[in-house]
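Colleague: Chains A and B are the protein sequences, given in the same order. Going letter by letter, the first sequence gives residues 76 to 440 in this note's numbering. Going letter by letter, the second sequence gives residues 76 to 440 in this note's numbering.
These are computed hints drawn from the structure, not numbers from a lab. Note that CB positions come from ideal geometry on N, CA and C, so glycine has one too. One or more of the hints may lead you astray.
[Unchecked claim] Far from chain B, by Cβ distances over 12 Å, these chain A residues were calculated:
1) 274
2) 343
3) 348
4) 368
[What the hints assert, rightly or not] Sample of chain B residues facing chain A (criterion: CB under 7 Å; computed from the structure):
5) 143
6) 148
7) 152
8) 153
9) 216
10) 221
11) 228
12) 240
13) 277
14) 437
2 protein chains.
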Amino acid sequence: MKSINNVFARPLRAATVAVSVLAGMLTVGSAFGQHLQDIARAESPLVLQSRGSFFVGGEQVERSATELGSFGPDDRISVNQMYVEYMVPDGKTKVPVVMVHGATLSGKTYDTTPDGRMGWYEYFVRKSHPVYVVDQIGRARSGFDQSVFNSVRAGKLSPDQQPSMLRLADRFGAWTNFRFGPEPGKPFPDTQFPIEAADKLSRQSVPDLRGASRAENPNWKGLADLALQLNGAVLLSHSQSGSYPLQSALINAKGIRGIVMIEPGTCNAQVHTGDEIAVLAKTPIFILFGDHLASPTGMPGPTWEDRFNDCKAFKKRVDAARGNIRLITTAETGVRGNSHMMMMDRNNLQIADLILEWIDEQAGR
Amino acid sequence: MKSINNVFARPLRAATVAVSVLAGMLTVGSAFGQHLQDIARAESPLVLQSRGSFFVGGEQVERSATELGSFGPDDRISVNQMYVEYMVPDGKTKVPVVMVHGATLSGKTYDTTPDGRMGWYEYFVRKSHPVYVVDQIGRARSGFDQSVFNSVRAGKLSPDQQPSMLRLADRFGAWTNFRFGPEPGKPFPDTQFPIEAADKLSRQSVPDLRGASRAENPNWKGLADLALQLNGAVLLSHSQSGSYPLQSALINAKGIRGIVMIEPGTCNAQVHTGDEIAVLAKTPIFILFGDHLASPTGMPGPTWEDRFNDCKAFKKRVDAARGNIRLITTAETGVRGNSHMMMMDRNNLQIADLILEWIDEQAGR
Numbered sequence: 076m077k078s079i080n081n082v083f084a085r086p087l088r089a090a091t092v093a094v095s096v097l098a099g100m101l102t103v104g105s106a107f108g109q110h111l112q113d114i115a116r117a118e119s120p121l122v123l124q125s126r127g128s129f130f131v132g133g134e135q136v137e138r139s140a141t142e143l144g145s146f147g148p149d150d151r152i153s154v155n156q157m158y159v160e161y162m163v164p165d166g167k168t169k170v171p172v173v174m175v176h177g178a179t180l181s182g183k184t185y186d187t188t189p190d191g192r193m194g195w196y197e198y199f200v201r202k203s204h205p206v207y208v209v210d211q212i213g214r215a216r217s218g219f220d221q222s223v224f225n226s227v228r229a230g231k232l233s234p235d236q237q238p239s240m241l242r243l244a245d246r247f248g249a250w251t252n253f254r255f256g257p258e259p260g261k262p263f264p265d266t267q268f269p270i271e272a273a274d275k276l277s278r279q280s281v282p283d284l285r286g287a288s289r290a291e292n293p294n295w296k297g298l299a300d301l302a303l304q305l306n307g308a309v310l311l312s313h314s315q316s317g318s319y320p321l322q323s324a325l326i327n328a329k330g331i332r333g334i335v336m337i338e339p340g341t342c343n344a345q346v347h348t349g350d351e352i353a354v355l356a357k358t359p360i361f362i363l364f365g366d367h368l369a370s371p372t373g374m375p376g377p378t379w380e381d382r383f384n385d386c387k388a389f390k391k392r393v394d395a396a397r398g399n400i401r402l403i404t405t406a407e408t409g410v411r412g413n414s415h416m417m418m419m420d421r422n423n424l425q426i427a428d429l430i431l432e433w434i435d436e437q438a439g440r
Numbered sequence: 076m077k078s079i080n081n082v083f084a085r086p087l088r089a090a091t092v093a094v095s096v097l098a099g100m101l102t103v104g105s106a107f108g109q110h111l112q113d114i115a116r117a118e119s120p121l122v123l124q125s126r127g128s129f130f131v132g133g134e135q136v137e138r139s140a141t142e143l144g145s146f147g148p149d150d151r152i153s154v155n156q157m158y159v160e161y162m163v164p165d166g167k168t169k170v171p172v173v174m175v176h177g178a179t180l181s182g183k184t185y186d187t188t189p190d191g192r193m194g195w196y197e198y199f200v201r202k203s204h205p206v207y208v209v210d211q212i213g214r215a216r217s218g219f220d221q222s223v224f225n226s227v228r229a230g231k232l233s234p235d236q237q238p239s240m241l242r243l244a245d246r247f248g249a250w251t252n253f254r255f256g257p258e259p260g261k262p263f264p265d266t267q268f269p270i271e272a273a274d275k276l277s278r279q280s281v282p283d284l285r286g287a288s289r290a291e292n293p294n295w296k297g298l299a300d301l302a303l304q305l306n307g308a309v310l311l312s313h314s315q316s317g318s319y320p321l322q323s324a325l326i327n328a329k330g331i332r333g334i335v336m337i338e339p340g341t342c343n344a345q346v347h348t349g350d351e352i353a354v355l356a357k358t359p360i361f362i363l364f365g366d367h368l369a370s371p372t373g374m375p376g377p378t379w380e381d382r383f384n385d386c387k388a389f390k391k392r393v394d395a396a397r398g399n400i401r402l403i404t405t406a407e408t409g410v411r412g413n414s415h416m417m418m419m420d421r422n423n424l425q426i427a428d429l430i431l432e433w434i435d436e437q438a439g440r
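Bound conformation, chain A alone (with noise of 0.2 Å):
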């Protein structure tokens, strides 16, 4: 924060004008700034050429009082609707960015890290990429259908049909699954994560009504109509929504000029058909892991080692097909302690740097 001595008169005030000038943008610990003033200033302005936020997709759907809430009359809403925010940079521009975000989260994911320093969302677009931020459809400022929550509470359905609401927590699903450490509360001696603000990737998680059931994701479409929107654009997704830009190619691979996969949930090695793979071979793909992945996620299912190998597997398929594809770690590169949140880890834009530099050589012609 710049200093607002100007607009304040009040000499009352003074002093606590004071202590915000000299606790400064870097430094922790002020006794009413705890989250805002940990942020980082940049070191120079952001000029934009525009920004703001818009809706991909949807449709109206009609529902009953009870649904609604039981406070007014039936009537209609909008369901599967996507949240999309942007910033187009100042100047000549690359070739659009779409960010999509893991389980439980938003795209807050990709915009300022929890210890307040700039994430890619920002630094994509100084780097001369329009770049959109979605929030999965289902969640945050995507929005939920709440009918079934409703006729529950009516007594209209019975609790067993209202979805499972996942949250990844603290110990277990941030942790030990993102890989800040091998057990909760200790760290990795290389870790990349800023782990003295773990508490603040806590407040990022928000509750998740995709976990149950990856059928018919309507995120697979919207994000293929949003690159079709942009006259092609680079999907990057992050595990949960890993595999959704290969669904969104099989859908509609017209707009998407490349993919990026940030250690994701699975690539579906096994389950593509032939047909598949061949259309999947047509765009460039980029699938990056980052260190200690065979460490013990404290969580069921696959380790991110195994779902390493099941993406080595899908880019043998892929090869084999003369498809584009590049699959890495970030520790192969010689850069060591990165998480499963690398987008938030401390050299984060040094890992952005590597991806940028895929997209210029690979898809962004």
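Once you have looked at the hints, place chain B on chain A.
Modeller: Here is chain B on its own, set in the frame of chain A:
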């Protein structure tokens, strides 16, 4: 969107790029660009000293495996945090403004309008105010505590123990209640709301888990804390959140330089004690209502005229306590047809100027 011709070299895509350039930004109807391409291009670049997002408040609480969605073990999550996104303009800045939205909506309220024009968020920044837009706690990117829903699903709580999720819907919750017209689908001849984009406003709606109870609303303290972190800010509220800044001031008025209430759901004229009125009389307050206040809302509860009258009674008490309070309707300034969603109305920037003028005069020093 600016032309992105330069970065597209593939001949096959030349046709779609040309369509985009021809369609421009102010027209509707490109086959694949319905939402994005409706967005108006800004006339000049936006230059930001900084931007980003963070959370205010929040506590970590223990939750059972069932409460977390029956995937991993018992663990800890955050609740009651408030998501805040912000932009600080380059150059000399005026007093920061915090914007908080109404029922079943998110911070999106103050961004790009449903028909693609600039919202108050960016406009206030262009007028030299650092602006902080929040998602109410319990909604959108602020998340909510999913525990009770998962417990009901698992049969550990009875269905009536889970809260109702309110959703304001299209025909009554929005069209008549927000006063676009006297009955669903029928506009007032002079309406300022961009009714052709009503289906895009519908996309902004999210389930509202706070509708049922206003007691101990954590947003009150969250807003007071945010104002304090900013070393002084104007709190601008709307509809459901209309009275929040008054409650924030009663918790701690130290950071609150002024209060702007856009069509508050209530002013609690009869609720506040004399001591409370004495406290509120120390902060400048501006209350703004639109036009057609007596029109039937189509929903339970008071009309907007009733709410205006409640605020009139509130003003009388604050005046008696020698406070600085202004209450007007846009109609009495000679501007007709403003709706409840005046931050989205066609003349939204003209209304913004009314507010900015008041802030400059009453809260800017």
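Colleague: The hint names residue 221 of chain B as touching chain A; please verify it with the least Cβ-Cβ distance against 7 Å.
Modeller: Where the cut-off is 7 Å and the nearest Cβ of chain A is about 4 Å from residue 221 of chain B, the hint holds.
Colleague: Would the hint on residue 148 of chain B stand, with a C-beta cut-off of 7 Å toward chain A?
Modeller: Hint on residue 148 of chain B: holds, closest Cβ of chain A at ~6 Å, below 7 Å.
Colleague: Does the closest beta carbon of chain A sit nearer than 7 Å to the beta carbon of residue 153 of chain B?
Modeller: holds (4 Å)
Colleague: How about residue 216 of chain B: closest beta carbon in chain A under 7 Å, or not?
Modeller: Holds, about 5 Å.
Colleague: Grab the minimum C-beta distance from residue 143 of chain B to chain A and call the hint holds if it beats 7 Å, violated otherwise.
Modeller: holds (5 Å)
Colleague: Does residue 343 of chain A really sit off the interface, with its C-beta more than 12 Å from all C-beta atoms of chain B?
Modeller: Given a closest Cβ separation of 20 Å, the condition holds.
Colleague: Verify the interface restraint on residue 152 of chain B: the C-beta must sit less than 7 Å from at least one C-beta of chain A.
Modeller: holds (5 Å)
Colleague: Would you settle whether the hint for residue 437 of chain B is holds or violated, based on the nearest Cβ-Cβ distance to chain A being less than 7 Å?
Modeller: violated (13 Å)
Colleague: Would you check whether residue 240 of chain B satisfies its interface hint, that is, whether its CB is within less than 7 Å of any CB in chain A?
Modeller: Holds. Min distance 4 Å.
Colleague: Does residue 348 of chain A clear chain B by more than 12 Å, comparing its Cβ with all Cβ atoms of that chain?
Modeller: For residue 348 of chain A, whose nearest Cβ neighbour in chain B is about 25 Å away, the distance exceeds 12 Å, so it holds.
Colleague: Taking the shortest Cβ-to-Cβ distance between residue 274 of chain A and chain B, state whether it exceeds 12 Å.
Modeller: violated (6 Å)
Colleague: Could you check that no beta carbon of chain B comes within 12 Å of the beta carbon of residue 368 of chain A?
Modeller: Correct as stated: the minimum Cβ-Cβ distance to chain B is 19 Å, above 12 Å.
Hint violations for this structure: numbers 1 and 14, all remaining hints satisfied.
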